[in-house]
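Protein chains in written order, with my numbering: chain U, 1 to 369; chain S, 1 to 369; chain R, 1 to 369; chain C, 1 to 369.
Note that these hints are calculated values from the structure, not bench results.
There may be inaccurate statements among the hints.
Identical chains share a label here; the pair holds if one copy fits it or two copies do between them.
[Said to hold, decoys possible] Derived pair list, reagent style EDC-like, types lysine to aspartate or glutamate, alpha-carbon separation capped at 16 Å: (1) Lys-307 <-> Asp-204; (2) Lys-325 <-> Asp-202; (3) Lys-307 <-> Glu-261; (4) Lys-307 <-> Asp-202.
What follows is each chain in one-letter form.
4 protein chains.
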Amino acid sequence: MKNSFGTSVTITLFGESHGPAVGAVLDGMAPGIAVDGEYIAHRLRLRAPRGDISTPRREKDAFSILSGVFKGRTTGSPICVVIPNEDVDSGDYERGRALARPGHADYTAFEKYHGFEDHRGGGHFSGRVTAALVAAGAIALTALRERGIRVGTHIARCGGVDDRPFSDPDADIEALEHLSFAALDPEAGERMRRAISAAAADGDSVGGILETAVTGLPAGVGEPWFDTLEGSLAHMLFSVPGIKGVQFGGGFDLADARGSEYNDEMYFEDGIVRTRTNNNGGVNGGISNGMPVTFRCAVKPTPSIFKTQATVDLVRGEDATVTLKGRHDPAIIHRVRAVTDCAAALVLCDALALRYGTDWLGGGKCAAY
Amino acid sequence: MKNSFGTSVTITLFGESHGPAVGAVLDGMAPGIAVDGEYIAHRLRLRAPRGDISTPRREKDAFSILSGVFKGRTTGSPICVVIPNEDVDSGDYERGRALARPGHADYTAFEKYHGFEDHRGGGHFSGRVTAALVAAGAIALTALRERGIRVGTHIARCGGVDDRPFSDPDADIEALEHLSFAALDPEAGERMRRAISAAAADGDSVGGILETAVTGLPAGVGEPWFDTLEGSLAHMLFSVPGIKGVQFGGGFDLADARGSEYNDEMYFEDGIVRTRTNNNGGVNGGISNGMPVTFRCAVKPTPSIFKTQATVDLVRGEDATVTLKGRHDPAIIHRVRAVTDCAAALVLCDALALRYGTDWLGGGKCAAY
Amino acid sequence: MKNSFGTSVTITLFGESHGPAVGAVLDGMAPGIAVDGEYIAHRLRLRAPRGDISTPRREKDAFSILSGVFKGRTTGSPICVVIPNEDVDSGDYERGRALARPGHADYTAFEKYHGFEDHRGGGHFSGRVTAALVAAGAIALTALRERGIRVGTHIARCGGVDDRPFSDPDADIEALEHLSFAALDPEAGERMRRAISAAAADGDSVGGILETAVTGLPAGVGEPWFDTLEGSLAHMLFSVPGIKGVQFGGGFDLADARGSEYNDEMYFEDGIVRTRTNNNGGVNGGISNGMPVTFRCAVKPTPSIFKTQATVDLVRGEDATVTLKGRHDPAIIHRVRAVTDCAAALVLCDALALRYGTDWLGGGKCAAY
Amino acid sequence: MKNSFGTSVTITLFGESHGPAVGAVLDGMAPGIAVDGEYIAHRLRLRAPRGDISTPRREKDAFSILSGVFKGRTTGSPICVVIPNEDVDSGDYERGRALARPGHADYTAFEKYHGFEDHRGGGHFSGRVTAALVAAGAIALTALRERGIRVGTHIARCGGVDDRPFSDPDADIEALEHLSFAALDPEAGERMRRAISAAAADGDSVGGILETAVTGLPAGVGEPWFDTLEGSLAHMLFSVPGIKGVQFGGGFDLADARGSEYNDEMYFEDGIVRTRTNNNGGVNGGISNGMPVTFRCAVKPTPSIFKTQATVDLVRGEDATVTLKGRHDPAIIHRVRAVTDCAAALVLCDALALRYGTDWLGGGKCAAY
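Next comes chain U alone, as it looks inside the complex (with noise of 0.2 Å):
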């Protein structure tokens, strides 16, 4: 499927930089699930950019929902939601048209489409598209949390800063959604937003990893082949632009461990089964094991940066040079981790409802019928 995903819950986007609207179609949720507005606007906002380390398009994300809530619940049908485009300025992107710049999509998109593609801010490749899927992943997390699943991401590394780990997942967790810079160390993020500002200042831009964890997650939710917990989540993952790596547990990290030391001994806590160590990220055999579930997803510096570069022109057929105006950001990292969260949530949601059925997420008999 094209820019649809999910089995028995499904995400479905739609919509380009620079037209009319992006937005989502959300499937397959089970009735009975508080819609909360004020969350999903909440999550917008820690995904919309913002300060001196963003581009100053000022992205107002309001959005509609056109179907499949009812009396503030969902009702089981399709979740139509769609944040119209604002504060658009195309201006700049038609002049260049035909220069494809380099770390973009233009390229790639022009073989695709043959030029019919709406170019404009990226089009339908834009991190614009993921506003939508923010929102669509707002009620995803909502409905975990409920269930007791929390899924919150930090910014692992930026600019050759570390952040410090995950110690406390739940308590880590709740302190990110308050956070509109996703370190968990103050000071870490101090400078890890200095490193994004002295990049900006020299028309370039950073890239870092972020990590992820999951808990509350119960064992024995995933697949062996080929729907493993970390295939569908690497697969919803990797469309989130700029992630050009994934990994679960010690993941490249580990490459030089021993079994001896990557391995989990395994022992019982209050009846439940527990690991010592967690390398391998709360999943064995593609199922999950009722340890937090934790990734980490390499981001690519933000090729939008204001560098003259070496690159073609696909009218002419020739090389040419390319030197960008416009708005751009000189990181995306700080927002992308608002697009992670969302993204696993969603895989989450589809994985939980195929084991459990359709209606395990839900909100059980309506009361007010």
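Mind docking chains S, R and C on chain U? Use the hints.
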């Protein structure tokens, strides 16, 4: 989908390590592709355990094709390949059934399947099932090669030893087809093998990093959401037992890079767009850009080690220790490399069939009708 | 998949009868297809209630395209069409909520969604949602026509009156595009309308049989198992409210025929294989044979009638009677005919895109880039 | 998906009539379902050719289960069933390869597979493949029965003879399990058999109408769009060779009814909602209403007849005649009835697993672990 993957070209896996057989149904392949039994056997040998750095279990991997091939060519109907299990010794496994092996899927299988799973030798979670993936993938590799698309994997790092990087990907891929231990630098390979033997001597195991290159893939293949080339490949790759991380191009390695370093500048070469670097791993916006697609997989150390480990007894519901017996690999990375090629080939066939139609990989009109 | 259909070309429906809007996301259409707003509006008018044989609810059906169309052509990205709901009067519905209307989905919706469903006007089950299907399908019809493939439906039987059969399918389909009441024989149409009016005068309703022809479809489209052309079309068609039967070619009508009568003898005409009869409805073994694809749909009488009926009170859990008020159609068959065309067109676009690739229905290279 | 069907419970078919085997992979079945080899064999016998009204080809239908069953119960992993082909006589087929048999898929297969198809005995299009569907479906039927859900089919009409309708569906279904010729009225059955024999004596064939009832299905199963119970069942059923029409409840039979006749009035019986009539065939708005699900399938007369027919020579590209030799059924309807049950059972298992979760059909916790 559980044990099926793909949209237009699909693979379905079945079988358990100690059941009658493992197998695969490969569906959607174009009609008229030559099916070369010798090449399938060759690929199965690349995956098979070998020498002193593998389990002494000898897998003959004699395969039968039950359907979908007629007069040596694909018919367009589903191809069922079956590989009977031989040299099966279940005794060791039966004794320790209740003891979940750390790092394995024993506990998660128990949670998911409630004790009905065939636990012997890892059952359906076993790496043994990848033999069927390889048999099907070998057909996919053949079809791709006819279209000028090649896939090859080397062991980029193992036991703390780095292989040399791909230099001339086409030539390197050709060389890798004939290497039983897939290090491009023979001396690095020798050191890796010694590291594996050293771990084995300690009753321990090692992991490492695989690197794959795909050459000849046309630009324009993949989707922006959600079936990005990266996401589809990662989804498949995370099914392969032991893979805990997947990254494209620079991935985690360039987490500290700036945009001006990461962006791949573009130019024309003989009318074809190329990039000077390939930090995006041949993919922009989820779509191939015509450069080699490169990715790395983190392979965790084999969890089967011969040291006593703390674990849980699933029947008695109490803490326990486990000491493995039986035949186990001190490393699987040199075998997994033959799996990643096949896994990637299947994903590519699917993406190509979607883009260019079901006949694109095929044999035109049957001359001998 | 719940509210999505298709593999390469997909349609996702959302919306409730009395919510803010109904809409559709059409994904996977090739880039470069001209999108003709006038034709979409025309198709919506063919579906809209009209005159004295329809509900007095006036559906203006003003639609907006939120994405996927740029400079009048498809971009290849998902196309979201939204049709706001206007002239909504929910009062009548609210009063009788607890009383399940016989023949409607009130009770099954209650069982499935536990009372959280938006019940007003049938909610997500309403025929109103087919307006979105028609808007998307109109784009599909346009794309098919560019490739010489046409779809048309007439009312084969209604109120005990038979229309004449298709004689020259291409000409008949062209004529049907311009008929607001789709009887090929005007006199039969007049008698059908009188039968509808007579039922309406009795507070009752009628159903009937629709017959559809598809011309110009190349031979070789469809699959033997399970995505037969018949199965895919039927899957889609049974979604259309009121359709309770689908048959291809002779179907039930030739249940008593012998093989020598049913078999379609073949011959060459200008190098093309044709059949003398078309009892197989243009499909053999699930795959198109180049003859017109013909199918019939049984449309049950509209369940909304103005007679007092025995039913159940879902809140009190006791037997009750219900007498409908409000605005209802005494027949929908003359409106559904515009839905079946669009529904079939979407299925055909999907099958064609799978067979010939994602660009096949599209506009080649963009001349104006 | 081509040869796969289903979302949570999936079936994949493979094999050709004269290849090594036909088979199926049944995936997503809950763990712990008892697999009764005797019942599978019984179901295969119901489908097998028998007596003087079937092809003399003797199908022993010995099956092997290669995976997914352990200690007599499903494991939750994919179940591969293989049925080797025996008593294969391809000689007759080879001689006439170029001559497309009217009513068969020879020509459409040629168009789709370009001559690479295994044409012998209909290849992958053969009704022979339904043996694999039956083997898998027998497991599904067993699982459903444990949950109080039963499926049965009788020959409602054949050779112009009507069977009596279902009167007590549960008892009728039980009786049908033991009838080798599935007429509820023995005398009608005898007349049908005579009609088949008479057609056979003429070198001709007959078709007819099958009627299926499903009892015990809970209310609330199915989706409004697009996976209606009707659409999903029809999608599957149209795969069965020879089926050209599917209708639910009144279907085409009540095309002339008015709403007041068609609507099913509702009442409570022992706290359960029931309807006085069942013209909607147990489905409203695509979702089960707790009444028996009833549908009819039109089965066309077997296309293999022994009369000389006009056709085309696909190699020479010219008109020709064909006179079949070999072993063919003068009717298949008495065999197809065993296929529709199994086909429906697979669809129901899928819908139930989606609604209630993957374990719902299963065996709880393994007692013998």
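>> To test your reading of the hints: which numbers does this structure violate?
In response: none
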